[in-house]
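Residue numbers (the working numbering), protein chains in the order written: chain H, 1 to 354; chain Y, 1 to 354; chain F, 1 to 354; chain R, 1 to 354; chain L, 1 to 354.
None of these hints come from the bench; they were simulated from the model.
Since the structure is predicted, the reported quantities are computational estimates derived from the model, not experimental observations.
Hints may contain errors.
Because identical chains cannot be distinguished in the list, a pair is counted as satisfied if it fits within a single copy or across any two copies.
As the list claims (entries may be wrong) - Below, computed lysine to aspartate or glutamate pairings styled on EDC-like, alpha-carbon distance capped at 16 Å: (1) K78 to D148; (2) K226 to D266; (3) K351 to D266; (4) K226 to E269; (5) K57 to E44; (6) K101 to D266.
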Amino acid sequence: MLKFTKKISQKAGSAPGTLVHIGERKTDKPRITILDYDDVQLHEKQLERIEEAFPFKDSPTTTWLNIDGIHDVELIEKIGANFNIHSLILEDIVNTGQRPKTDDFETYNYFVLKMLYLDEQNDEVRSEQVSLVLGNNFLISFQEAEGDVFTLVRDRIRKGKRRIRKNGCDYLAYALIDAVIDHYFVILESIGATIESLEEELLDEPAQVTMQSIHELKRELIYMRKQVWPLREMINTVIRGELSLVHEQTIVFFKDVYDHTIQIVDTIESYRDVLSGMLDLYLSTISNRMNEVMKVLTIIATIFIPITFVAGIYGMNFKYMPELEWQWGYLAVWSIIVGIALLMIVFFRRKKWL
Amino acid sequence: MLKFTKKISQKAGSAPGTLVHIGERKTDKPRITILDYDDVQLHEKQLERIEEAFPFKDSPTTTWLNIDGIHDVELIEKIGANFNIHSLILEDIVNTGQRPKTDDFETYNYFVLKMLYLDEQNDEVRSEQVSLVLGNNFLISFQEAEGDVFTLVRDRIRKGKRRIRKNGCDYLAYALIDAVIDHYFVILESIGATIESLEEELLDEPAQVTMQSIHELKRELIYMRKQVWPLREMINTVIRGELSLVHEQTIVFFKDVYDHTIQIVDTIESYRDVLSGMLDLYLSTISNRMNEVMKVLTIIATIFIPITFVAGIYGMNFKYMPELEWQWGYLAVWSIIVGIALLMIVFFRRKKWL
Amino acid sequence: MLKFTKKISQKAGSAPGTLVHIGERKTDKPRITILDYDDVQLHEKQLERIEEAFPFKDSPTTTWLNIDGIHDVELIEKIGANFNIHSLILEDIVNTGQRPKTDDFETYNYFVLKMLYLDEQNDEVRSEQVSLVLGNNFLISFQEAEGDVFTLVRDRIRKGKRRIRKNGCDYLAYALIDAVIDHYFVILESIGATIESLEEELLDEPAQVTMQSIHELKRELIYMRKQVWPLREMINTVIRGELSLVHEQTIVFFKDVYDHTIQIVDTIESYRDVLSGMLDLYLSTISNRMNEVMKVLTIIATIFIPITFVAGIYGMNFKYMPELEWQWGYLAVWSIIVGIALLMIVFFRRKKWL
Amino acid sequence: MLKFTKKISQKAGSAPGTLVHIGERKTDKPRITILDYDDVQLHEKQLERIEEAFPFKDSPTTTWLNIDGIHDVELIEKIGANFNIHSLILEDIVNTGQRPKTDDFETYNYFVLKMLYLDEQNDEVRSEQVSLVLGNNFLISFQEAEGDVFTLVRDRIRKGKRRIRKNGCDYLAYALIDAVIDHYFVILESIGATIESLEEELLDEPAQVTMQSIHELKRELIYMRKQVWPLREMINTVIRGELSLVHEQTIVFFKDVYDHTIQIVDTIESYRDVLSGMLDLYLSTISNRMNEVMKVLTIIATIFIPITFVAGIYGMNFKYMPELEWQWGYLAVWSIIVGIALLMIVFFRRKKWL
Amino acid sequence: MLKFTKKISQKAGSAPGTLVHIGERKTDKPRITILDYDDVQLHEKQLERIEEAFPFKDSPTTTWLNIDGIHDVELIEKIGANFNIHSLILEDIVNTGQRPKTDDFETYNYFVLKMLYLDEQNDEVRSEQVSLVLGNNFLISFQEAEGDVFTLVRDRIRKGKRRIRKNGCDYLAYALIDAVIDHYFVILESIGATIESLEEELLDEPAQVTMQSIHELKRELIYMRKQVWPLREMINTVIRGELSLVHEQTIVFFKDVYDHTIQIVDTIESYRDVLSGMLDLYLSTISNRMNEVMKVLTIIATIFIPITFVAGIYGMNFKYMPELEWQWGYLAVWSIIVGIALLMIVFFRRKKWL
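Using the sequences plus the hints, can you model the full thing?
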């Protein structure tokens with residue numbers, strides 16, 4: 001099956017709010033980490049049981065609860081019950097086929113977006129769903145597997161004295177979304193590099209392999225665009241101030257993220273245009289080569305076929321063929337042959353084939 | 001005739017509100033079932049005559065009246081008269097060429113949409129029209145034939161203690177529409193699987209059959225998009241709260257449906273892009289093969305045509321051909337022939353044809 | 001000249017409101033018929049002189065004045081003067097190059113649209129301009145020639161006791177516009193049938209004729225879309241209630257017409273997509289055939305050219321050719337020939353050409 | 001250089017409001033004519049010096065000042081100073097690379113649009129910039145050269161007793177703009193005629209010339225669309241009543257012009273679609289011809305190459321070739337040859353190549 | 001790597017507002033120049049240390065501070081601190097991968113756009129980021145390297161008595177933006193000239209080089225469009241009066257700039273259309289040539305292959321070949337040969353190949 005849809009059909013017809021994990025199981029046991037901080041203090045801990053996290057819910061400090069692995073439906077349900085999350089949102093968290101979007105509820109905001117990374121082995125862009133539940137003084141992030149894009153954010157928090165420590169949960173949400181989207185540029189740059197090397201290859205010696213590579217790149221870009229396009233709308237919702245828990249001073253940072261998403265969309269479109277151009281170039285190169293092949297064949301054939309005929313004539317065994325007896329017959333035939341060949345060459349020169 | 005239009009021309013010029021069944025007759029006798037329930041009780045019955053259903057109309061419980069088969073115009077008229085349905089709506093119910101849409105009337109809301117299913121025999125996507133008339137405490141659903149997408153909803157109602165039993169008719173309408181749309185994913189996944197197997201086939205050995213399959217898939221997607229596209233607008237109307245009988249707490253569920261329709265539209269577009277890419281790949285593969293064929297011909301021909309000419313020369317029967325008398329003539333000719341052949345091979349190597 | 005423009009240039013530079021008939025003269029003498037009715041009575045008459053119609057103008061009954069033939073500029077001017085129609089509207093009535101549109105004047109509304117019909121002889125879609133001037137209790141319709149789409153409406157009026165007799169002029173206008181647009185489906189179905197038969201032909205044996213047919217169908221669809229597209233906008237204006245003389249209870253019927261126009265536009269677009277797909281299929285079929293032709297040539301040529309060379313060698317007349325004297329020479333040559341042929345066949349099998 | 005841009009670069013970096021004539025100098029000395037009229041009187045004069053025109057500025061009659069030739073920067077500056085025209089507008093008047101637009105200033109409105117005409121010699125669409133400065137009771141028109149589109153308007157004024165004499169300057173502005181746009185239809189009709197003749201040529205005997213003609217037509221349409229597209233927006237601004245000096249009763253006439261511009265845009269798009277279709281048809285025709293050529297070659301070659309080989313065999317000079325001695329050898333060979341030929345013919349018939 | 005993205009990935013994950021120079025280092029040491037002027041006086045100076053500029057900040061005169069070279073992060077930070085510029089803006093200044101945009105802050109407005117210039121050596125369009133920080137009576141401009149587009153503006157200031165000296169900083173901002181955008185026309189004209197010469201080359205003798213040139217031009221246009229498209233939006237923001245520091249009387253000049261950006265976008269689109277047309281023309285030319293080549297081969301081959309076969313027949317060495325003994329045999333064979341050749345020629349004439 002193509003990776004453009006998830007096996008959503010598994011739950012077709014089931015009641016809404018039924019939690020069914022859809023997607024690959026990317027980790028064995030969910031890993032729960034908590035990071036509780038404010039301007040002056042910082043607690044970091046890896047939890048064994050989710051219940052340990054619940055006391056932090058109403059603490060005035062900023063609490064970041066990170067869940068790596070979303071296939072443990074029971075765990076998600078516990079979190080949902082404790083943090084009062086709507087069952088449809090819980091369903092979205094475990095169903096990895098979501099389109100990036102944001103939802104505003106009274107006591108929390110929900111963000112879902114895609115982390116893209118390059119699967120080096122298959123040379124494919126893959127996506128992982130990231131869900132953020134932003135509460136008043138907590139933020140819960142759900143990832144399919146332990147990723148490293150969030151590590152840098154974690155480091156910035158740990159280092160302290162940074163802006164991130166002074167700002168609340170909405171700024172943390174911004175920081176995480178920004179980290180995810182910044183990572184798209186890494187992928188775009190890798191694709192850009194591949195396109196460039198393909199282009200060189202194409203001009204050097206176009207082979208069928210190149211064509212398949214172009215096709216695969218195109219598919220990657222179609223896939224990527226499908227993931228990135230709705231992001232614009234999502235971030236735009238934030239900028240328009242439609243989310244109750246994202247404060248004015250954080251929105252200016254989301255504008256920065258918005259600029260990035262537009263740049264990404266622009267670049268994807270430009271790449272698609274460049275690839276289309278490469279395809280045209282490829283096809284015309286193939287046509288040209290064919291033309292060249294045909295010319296060689298035609299030139300050789302049209303020169304030799306007539307003169308071979310002449311030779312054939314004097315290879316006949318008729319009793320009465322006066323030319324055969326002539327003393328200069330052989331020479332005459334050679335003159336005829338050379339004459340025909342020259343004529344043909346002149347003809348081809350006129351046609352600019354030679 | 002193509003399946004993109006129904007035989008609407010049959011009734012061109014007739015008065016509006018004239019009930020003429022347009023479409024195939026997919027069932028013999030309409031089957032009428034009723035499901036009347038609330039939080040605590042549940043009545044289920046298959047009716048012989050439609051009149052049995054009328055008493056339920058004003059009962060406070062939720063009444064779901066399902067009609068399988070819409071060619072019995074008289075039956076539809078009776079329902080229309082009893083439930084006060086506008087004649088234009090009745091016309092839409094029996095005319096299966098409708099575009100998905102929703103209409104708001106004071107005492108009821110009308111929904112019409114398409115159920116898509118795979119016709120396994122012809123490997124084609126087919127559609128069946130589903131109409132819903134949502135009243136204050138009743139919902140009438142009209143199908144062309146008995147389908148199985150609604151069975152799961154029926155089961156959820158029967159099982160009781162579920163959300164569906166606690167919510168009213170608008171939630172039931174949501175549940176049915178959701179069931180229909182969820183089923184689209186099944187079809188998309190099947191199409192996705194076909195595309196993938198075609199893609200492999202294409203890379204392995206492209207044959208004309210593949211091309212026709214791509215073409216057919218494209219047509220299916222065109223057909224599907226024509227059915228799905230207006231759905232967005234329809235669900236959007238519901239979300240904007242333009243329907244008087246869909247309550248606030250149900251609208252949040254329709255948002256979920258809306259996300260699904262957008263995902264479906266996105267996926268259809270992505271598939272179309274992928275298929276276009278496959279077409280390009282196919283054409284370039286064909287060109288490449290032709291090129292290869294031509295090269296083989298050209299190499300063989302350009303090597304052998306000149307040397308055959310040489311042999312032809314010395315097959316002539318002139319009396320005075322001094323070379324024929326030379327002792328090493330035959331050997332010399334062989335050297336010439338081998339020389340020419342080598343020259344040609346060098347030439348082709350230079351051109352990178354060998 | 002292409003049928004996409006009318007000879008509008010004839011009147012370039014003349015003053016606005018100058019009545020110049022633009023279009024073919026499709027009838028000799030304009031035919032004027034009047035139909036005056038209300039709930040209980042009905043008068044129908046064919047008029048000799050337009051002046052006979054003027055008394056009906058202010059009668060409380062619904063008056064339908066139908067003019068077949070619009071080249072009689074004097075007649076149009078008389079009507080314009082008596083019914084107070086703006087000179088620009090009169091100009092639009094006689095100039096058959098109008099885009100479908102609607103205009104709101106205080107005492108009347110103007111509609112202009114295109115009736116499409118199939119010219120069976122040339123297998124072409126042709127259009128005829130229909131103008132409607134809707135007054136308070138009269139409706140004047142202008143056609144280029146006597147058409148039969150309006151006959152069905154006329155019959156409904158004659159039969160009495162129908163909704164059409166109870167409703168006013170705006171409902172009559174709706175009925176006429178609906179009749180015109182319903183007729184588009186007839187054409188679409190005919191085009192759909194043609195596309196399907198072309199598709200079968202294409203899979204059976206693609207010939208150049210098919211290609212031209214695809215091209216012609218495409219042109220018909222371009223033409224049709226040009227006529228239908230502005231209809232959406234026109235009907236939409238009516239639905240938004242921007243026309244002063246179309247009452248609320250009639251607008252619901254126009255919504256039905258709107259659905260039809262959208263369906264028509266959708267179908268046209270789908271047909272265009274299908275035709276584009278057929279074109280691609282056609283081109284790839286041609287390429288495939290060429291490929292096959294080339295393969296046959298290449299296989300035959302590459303097998304026989306080398307062995308013909310071998311035969312040529314031993315047709316040479318050198319005095320000293322030891323092989324010729326060998327007893328098994330002839331047999332040896334045959335072995336060589338068969339060997340070469342087998343080698344070639346193996347080579348082609350490897351390449352999967354055989 | 002392509003005609004899509006003017007040599008605007010000449011003035012890159014200069015201060016705004018610097019008057020530099022950009023465009024070809026199409027006339028030697030600007031020709032200044034004045035037409036001053038109202039309902040009853042009419043003065044017409046060709047001026048030697050622009051100063052003669054200034055007294056008319058404040059007369060209550062309608063004054064039409066026409067300037068043919070805009071390269072005389074000094075003249076334009078004088079007019080600008082006397083009529084209080086903003087320096088940016090003066091810059092636009094002399095710079096012929098403007099996009100059609102309209103500007104509203106307190107005491108005057110500015111219109112700039114393109115007059116298109118066919119350059120018969122080069123068979124090209126060319127454009128000339130027309131600027132209108134509409135004051136309260138004067139209108140100044142600037143043309144690059146003396147054109148004949150305005151002559152008809154001038155005649156209507158001269159004839160008197162027409163609507164144009166009773167209406168003010170805004171009506172005159174309308175009349176001039178209408179005259180310019182009506183002329184577009186002349187060009188469209190000419191292009192339509194060319195397309196049709198090309199289409200016939202294409203079906204008769206497609207040659208490379210046709211292809212180049214299609215390409216040139218496409219370029220003309222691209223050029224024309226670039227000029228016409230912004231017109232819609234410009235006229236729309238007028239219709240929305242955004243210009244202070246265009247009165248309500250004149251706006252209804254501009255609506256008529258708006259309809260025309262939309263028709264023009266529609267027709268251009270339709271033509272482009274038709275041309276694209278022709279291109280596809282052309283390419284498929286070429287492919288078909290190639291296919292046919294290849295078939296002829298293949299049939300001839302595959303029949304004769306094998307039988308030539310047979311003849312070659314028995315042209316060998318081996319001492320021991322038993323067949324050569326047989327009495328019926330020669331006949332047998334002929335049978336073999338005929339057999340092979342028949343076999344090939346049957347094969348080709350099977351493949352439907354014959 | 002393609003030039004469509006900058007190495008933004010370098011700073012993925014770092015905190016917002018972290019200044020990291022992204023882009024090539026185009027100059028060694030930033031060059032700081034200051035131009036302080038009002039209606040009557042003018043000071044111009046090249047600064048060694050940025051601190052010298054700070055006193056000008058609050059002077060009532062217009063101060064233009066120009067920085068050539070943005071890799072010196074420390075310098076940028078100093079400016080930011082002194083002029084109270086938001087850290088996200090500072091980040092945008094040093095990160096050269098920005099999309100053109102404008103931002104409104106209370107005490108200053110920020111503009112970022114791209115200066116395009118032709119890299120003559122590689123025949124490529126290159127871009128340089130220009131940032132403007134517009135304060136109440138100062139304007140700071142940041143360039144990647146010393147460019148010459150601003151020189152003309154500087155000259156206009158120096159000359160005095162010009163409008164630029166009388167207007168404030170917002171007019172200066174306009175003048176700089178106008179200078180940058182006017183320069184785009186220079187590039188468009190150069191591209192237009194290249195397209196035209198390519199077009200001529202294409203009609204004269206299409207070679208693969210032409211095709212690559214078309215491809216490269218297309219890429220340049222894709223790149224340029226990516227830079228220019230967001231400009232429209234940016235200038236539009238200014239026109240709508242959303243920037244607090246751009247005054248009403250300056251906005252009219254920005255309207256002029258807006259017209260230019262639309263013209264540029266239009267021209268880019270037209271060029272893309274023309275290039276697509278050229279590509280089609282090129283491909284059809286190639287096809288035509290191939291066709292011609294094939295025809296020559298086919299004609300020669302189909303004439304000579306059969307007659308060579310005839311000659312081959314009578315080159316056989318059968319003992320009993322009666323024709324060989326006939327006195328007129330040889331002549332008869334010639335007649336047959338000529339007959340076959342004539343037949344073939346007639347056949348080709350019928351097919352219009354000759």
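Item to check | Intra- versus inter-copy proximity for D148 and K78 (alpha-carbon distance at most 16 Å) | outcome: neither (26 Å within a copy, 34 Å between copies)
Checklist entry - Within a copy, between copies, both or neither: where do K226 and D266 come within 16 Å Cα-Cα? => result both (13 Å within a copy, 7 Å between copies)
Checklist entry - Given a CA cutoff of 16 Å, do K57 and E44 count as a within-copy pair, a between-copy pair, both, or neither? => result within (15 Å within a copy, 47 Å between copies)
Item to check | Intra- versus inter-subunit Cα pairing at 16 Å for K226 with E269 | outcome: both (12 Å within a copy, 9 Å between copies)
Next on the checklist: With identical chains, the pair K101 and D266 could be close in the same copy or across copies; at 16 Å between alpha carbons, which is it: within, between, both, or neither?
Outcome noted: between (20 Å within a copy, 14 Å between copies)
Item to check | Alpha-carbon proximity between K351 and D266, which holds within one copy, between copies, both or neither at 16 Å | outcome: Neither, since 46 Å and 40 Å both go past 16 Å.
The structure fails hints 1 and 3 (numbered hints given earlier, in ascending order).
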